[in-house]
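K.L.:
Sequence:
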Amino acid sequence: MKKQVNISIVLFFLIFSALAEQVIIATTLPVAEEIQMTTESSTLGVGKLDQLINNDEPTEASPREVPSEELRSPSIKPDDETQGIAAFSGTGTEQDPFTAGTAAELETVTEMIRTISGAGPFHIHLTADIVLRNNVPMLSVGTRVDRFNLYKDTVIDGQGYHLLIQNDSKYYTTFFAVQNNGINVTFQNISFGSSQLVDQDGILYGRTGSDGIIGYVNDYSLNYNMTMENINFYTNYSLAGAVWKGYNDESYFHFRGDNQIIFDFINSRTSIISSPNIIFEEDSSTYIECGPGLYIFYVTGNPLFPELGTGNLNIQQKNNAKVEIITGKEILAYANDSATMTIGEEAELFVRGSSTNNMSIIRKGVLTEGTAILNVNQNAVVDIVNQSNFRLNNLTINVDQPKYFRMEALDNTPTTLANNATMKRLDGVSGETGGYQVTSIDVSGQIFISEVSGGGSFGGDTMLYGTNRKGFLYQRKFAIDELEAVPEVDVGISRLTTSINAVEPVGRPLTRYQLKLSRTRLWRPTTLLPTINSLNTQRVISNATLATNGVLAIESSETESSWQKEKLTAGTYYAYVRVTGVMQDDPELQKYLSESLWHEIVIEVPKSPMSVEVPLEKFFRVREIGEFDETANALPIISHSNFPIDFKVTDVVEQSTDSAVTLVNSTMTDAFKHLQLRLAATNGQHTGPLTVGSNQGNAIQVLPFLDDPLKLYLKGHYSGPIDGRHDVTYKFTYQLTPR
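In case it helps, full-length UniProt numbering puts the sequence shown at residues 1 to 739.
Just to be clear, a hint being listed does not mean it is correct.
[What the hints assert, rightly or not] Only pairs whose alpha carbons sit at most 25 Å apart, straight line, appear in this in silico SDA-like list of lysine to any residue:
1. Lys477 to Ser561
2. Lys711 to Arg678
3. Lys477 to Ile493
4. Lys318 to Ser499
5. Lys591 to Leu410
6. Lys424 to Gln401
7. Lys318 to Thr340
8. Lys715 to Thr662
[As the list claims (entries may be wrong)] Using C-beta positions, here's what the derived DEER-type ranges look like:
9. Ser666 to Ser557: 18 to 26 Å
10. Ser169 to Ser140: 19 to 27 Å
11. Thr545 to Asn633: 36 to 44 Å
Calculated from the structure, these hints are not laboratory results. Computed from a predicted model, the values in this text were never measured in an experiment. Even for Gly, the Cβ is constructed at its ideal location relative to N, Cα and C.
Generate the whole structure from the sequences, applying the supplied hints.
P.N.:
And the structure:
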């Protein structure tokens, strides 16, 4: 009995000593450890993405060649395996967190949290790189590997240190396991695995658990919220599974800060993240790199096992979140039932695929009635390039004023799997084009531009399907902000200067300026052509040629944005202008040109002063009875005005005296010296027959700006006889009337 008392006293003092250390010891990081404490830079993956873009070559995730000078040993705190309880400090608050520098200490802290009252959150700071143990004694017999249980809301801040798994033959499932329902877990500033740290045999610490960072223990019905903030995950372990799993529909996985996930081996057949709710928080940046296989994001469901969830997948990339993925996998997101991916305002999703099979953005189970939906919001970017083509079957893409949306196959393979694929434009005026367009490219490099109506939908044939098109870019259109048309008229001058003065967005390079000038409007408001911006109206204007009624000129220039047209008659004109240019900054996207809509402006060219040169003298000679004309003596009548003029003789005065010749308006049989006289033009017009006194004959129309001037001459008929010389002189009074 006395011996039992002594033992109790010894245990009491050991426990008291440990608790006392918790209160009075303030663990600090040695300067040397601070210098050595580094993490794998997140620019590693970004650089690879940039290289892929610049070289325009597919890149598959493959084992890295790490320079020997970059390899080093981890900063490990010695772990006294003989201690029953390892030392730790802190009270678990954010201001005074628990600390752990070894696997034993971390296990002690996580198990102690289970017994502390309150739901948390409890804060833990790592103070060194931690290598998981492979020989932890079990309560019964044998040993086990480390796995840290989480019972309550917990925040673990690695302070830049690593959690590492030994390169041995033991089977590791996860680093952490959730034990209770509805808890919140946050990992901050931790590197799981390393592409630079090596063990005592010089082997990289690239191993991870078969189920990644965190998972369950025999209870898939548990739901929990997981947050990754400034996390590096690296593995070159061929049996590695998802980074984490959470099947329950109420489980949420969040990315905050800057995160990097790298599966650095070829045969990566599993999914990367298996959870029904994946959220990339605002302003976060996440880089994912993995080899071939099926899925990046994956969720299943089974009505026979409700704990596995309903099979619905929800991925949210919130405002200004950036996600970059290099992968050989075929499917970005798969759900057994329905899947929805939402790209928030100014968020960016970049994917570079090396799969030689067709790639799917979102795919749902073939035997379900669920939906596959991708929502892309204002100023967002979705840029997906795969080595081979795409599969877009049953995918609905809702776009609401993104910066751009691109899909392209590098190996010139046209996409033919686009059944029931739909892109729906959520902005704009229903039935009207403008604002956005689809620019597609075929396997020969030819560019096609398709207009998209506001609030309208278009199918895979507009994007990729059925026309040997290997890629498309949904992007903004240019808009002509300021168009000016200035007429200038005077005697002998009638010109119109049309200028495009301002285009939105400002500062982008323009490669083509177009003008169509017409005397008639190229469209009239009808049911089929309701407005200038309707799809059918734009097509009518685009299809107009010089053979189209009223079209006077069609101009196109790579550099000139102003046109001057001379010798225009007074009246109404319709000018239609359009610009083409480079909308995107990225050189890789500049082949996808953007056009503005045709812009219409109505111009009134006023009448100039009337100015006409009229020949003052005209002669005729009659040498025989019958018809005569003086075409050879025709003299030009030239208009310097910009409008047609009616010219005619209104009065004739005979100035000859004692003439036997009579001027008549019709000839009679056996008439004696009757003269019928007309004033004629070289284009077949005439006025007359002329008679002495007032005349009401037809007018001769004189057109402006004739290259071959109209000429006037006299013609007529003389009844005879020719019995001598007769000199006759008539004075004509002309009338010129503008039309």
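K.L.:
Please go over all the hints and tell whether each is borne out by the structure.
P.N.:
Hint check results:
no.	hint	in the structure
1	Lys477 to Ser561	18 Å, holds
2	Lys711 to Arg678	14 Å, holds
3	Lys477 to Ile493	38 Å, violated
4	Lys318 to Ser499	43 Å, violated
5	Lys591 to Leu410	14 Å, holds
6	Lys424 to Gln401	11 Å, holds
7	Lys318 to Thr340	13 Å, holds
8	Lys715 to Thr662	15 Å, holds
9	Ser666 to Ser557: 18 to 26 Å	60 Å, violated
10	Ser169 to Ser140: 19 to 27 Å	22 Å, holds
11	Thr545 to Asn633: 36 to 44 Å	43 Å, holds
The structure fails hints 3, 4, 9 (numbered hints given earlier, in ascending order).
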